[in-house]
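Chemist: Below, each chain spelled out in residue letters.
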Amino acid sequence: MSRLLLSRRRLIGAGAAGAGGLLLSGCDRLFDNPMFRQTLEGAEHLHQASQRALGRNALAREFGAGDISPVFRANGSRSVADPAYRAHLAQGFAQWSLRVDGLVARPLALPLAALKALPQRPQITRHDCVEGWSAIGQWQGPRLALLLDMARLAPEARYIVFHCADLYRGLPYYESIDLVDAYHPQTILAWGMNGRPLEEAHGAPLRLRVERQLGYKQAKFVTRIEAVSSLQGIHGGQGGYWEDNGAYAWYAGI
Amino acid sequence: MHCEPGVSEAPSGAPQPRGGDLVRRHRLATRLWHWVNAVTLLVLLMSGLMIFNAHPRLYWGEYGANFDQLWLAIGSARSGGHEIGYLRLGHMQWDTSGWLGLWTDPNGGLQRRAFPHWATIPTSYSLAFARIWHLAFAWVLALGLTAYLLWSLLSRHLQRDIHITRAEWSLANLWADLRSHAALRFPTGAEALHYSVFQKIAYAGVLFGLLPMMILTGLAMSPGTDAWAPLLTEVVGGRQSARSLHFLCAWGLVGFFLVHVAMVVLAGPLNELRSITTGWFRLPRERDVREEGA
Chain V
239 MSRLLLSRRR LIGAGAAGAG GLLLSGCDRL FDNPMFRQTL EGAEHLHQAS
289 QRALGRNALA REFGAGDISP VFRANGSRSV ADPAYRAHLA QGFAQWSLRV
339 DGLVARPLAL PLAALKALPQ RPQITRHDCV EGWSAIGQWQ GPRLALLLDM
389 ARLAPEARYI VFHCADLYRG LPYYESIDLV DAYHPQTILA WGMNGRPLEE
439 AHGAPLRLRV ERQLGYKQAK FVTRIEAVSS LQGIHGGQGG YWEDNGAYAW
489 YAGI
Chain F
20 MHCEPGVSEA PSGAPQPRGG DLVRRHRLAT RLWHWVNAVT LLVLLMSGLM
70 IFNAHPRLYW GEYGANFDQL WLAIGSARSG GHEIGYLRLG HMQWDTSGWL
120 GLWTDPNGGL QRRAFPHWAT IPTSYSLAFA RIWHLAFAWV LALGLTAYLL
170 WSLLSRHLQR DIHITRAEWS LANLWADLRS HAALRFPTGA EALHYSVFQK
220 IAYAGVLFGL LPMMILTGLA MSPGTDAWAP LLTEVVGGRQ SARSLHFLCA
270 WGLVGFFLVH VAMVVLAGPL NELRSITTGW FRLPRERDVR EEGA
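So the protein sequences, as listed, match chains V and F. The working numbering numbers the first residue of the first sequence as 239 and each following residue consecutively. The working numbering numbers the first residue of the second sequence as 20 and each following residue consecutively.
Just so you know, these hints were derived from the structure itself, not from any lab. Please note that a few of the clues may not be correct.
Stretch-level coverage of chain V by chain F, calculated; a stretch enters the list once three of its residues show a Cβ under 8 angstroms from a Cβ in chain F [stated by the list, open to error]:
hint, stretch
1, 295 to 303
2, 413 to 421
3, 449 to 457
In this text, a Cβ means the ideal position worked out from N, Cα and C, and glycines have one as well.
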């Protein structure tokens, strides 16, 4: 059986070296051409422009309690090694606070209790992973817009950057969105999930929900929110961990 | 197989083209769209298979992830002391070692991704690169199809060449066309200027069925589109249903492609390729002489 398997594999190896292989390595080589690749990547601007033109303020669909996934898959970093984070986790984040700074008139340090005391938005939404799977969960937290208003966002601010406590493959995770999404009514900083405080695997104590974009934008373990005028100079400059390290699109509406 | 107005709608009295005549068959818009689409669909299929590799499971409904019930999965598992690649469909499972789920890359490395390197763009695993290919060429497909359908409507291509008349829908005609297809008897002479009923059904199915479904189910998976056009996702039964239908329709197009190419090969590949590239088609000679002689 194993010998049979081997010969079949060898056959496939030989096949790959043939016509298909030629065509494919051609595609890979084409993609190495910066002009070609940039042209393809330009589609991201079409996605953003078309979706903004057709539904700038559209709300993501919300579901009923009966639609919630029985098990919500946790992805990316499921735990955080940072000792300071571990200490906060052990104390139920009682001493923890969220920093809001950058291009704001009034930088903030908001304890978790203060975030919970703000007007809350509960929403049952579908989380769409870039890989293709989806899970529905209920999220609760204050609107990001509220925090930005409290901190008095400066007029030159164009992006909101979310700095996270976790390292993913040794590098700090972060994400960013523009002001259209930052002020969207469903963009919240969730501390609650399915009626309970956020678990570590899902980004305790606070994760971003930006409901009209893919999962990698939903930054977990958010510790600091920074308002900036440009994404250049922040880590790899592409606006997020995966954008810097994985060639994912910054605009993840599709 | 539509033709220039001067050919297909010759005023009565004008000589009908006969077998052996060189005629204009495909107009520029059709030829252009055909070849742009050929490349586009190949890129979309192969980059799509790579995207599937990122999560090689399919579900029905709105949500679906590793803990939920799936209807299709490709993967690898240990079975009786050795590892196999498998394709699972409901409760059925096939050993697909070497092809799906477990295969060897050109460097001899054992890979556990669903679709093998020779079927994907790029050849080695990258969801990000596959998405860049896929989402760029998706625009080419969507804009191309829209433009072509508009042109087909305005140029009366649909009405003249694709529209299936009541007479063509008759059982007798369907049966006759089925028989001539099965016997590989292709139309000759002036008859070869028109599509047969099964050709019309196939092309209409692709133009109005499979290709729009690919685009709509693709859009239905986009969280941004789902916000402004929720109906799209709701109509197909949810994001995971959209993903499943996207996958199934893609294989529907592969099926069309295989039949399409087989027919081209059987009908005379050089003549067919010339007509879809330059527009010029040599009408096959009438069979009567040979048939009478037989």
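Chemist: Look at each hint and say if it fits the structure.
Modeler: Verification of the hints:
1. 295 to 303: Check passed, 5 qualifying residues.
2. 413 to 421: Violated: only 0 residues of the stretch 413 to 421 of chain V have a Cβ under 8 angstroms from chain F.
3. 449 to 457: Satisfied; 4 residues make the cut.
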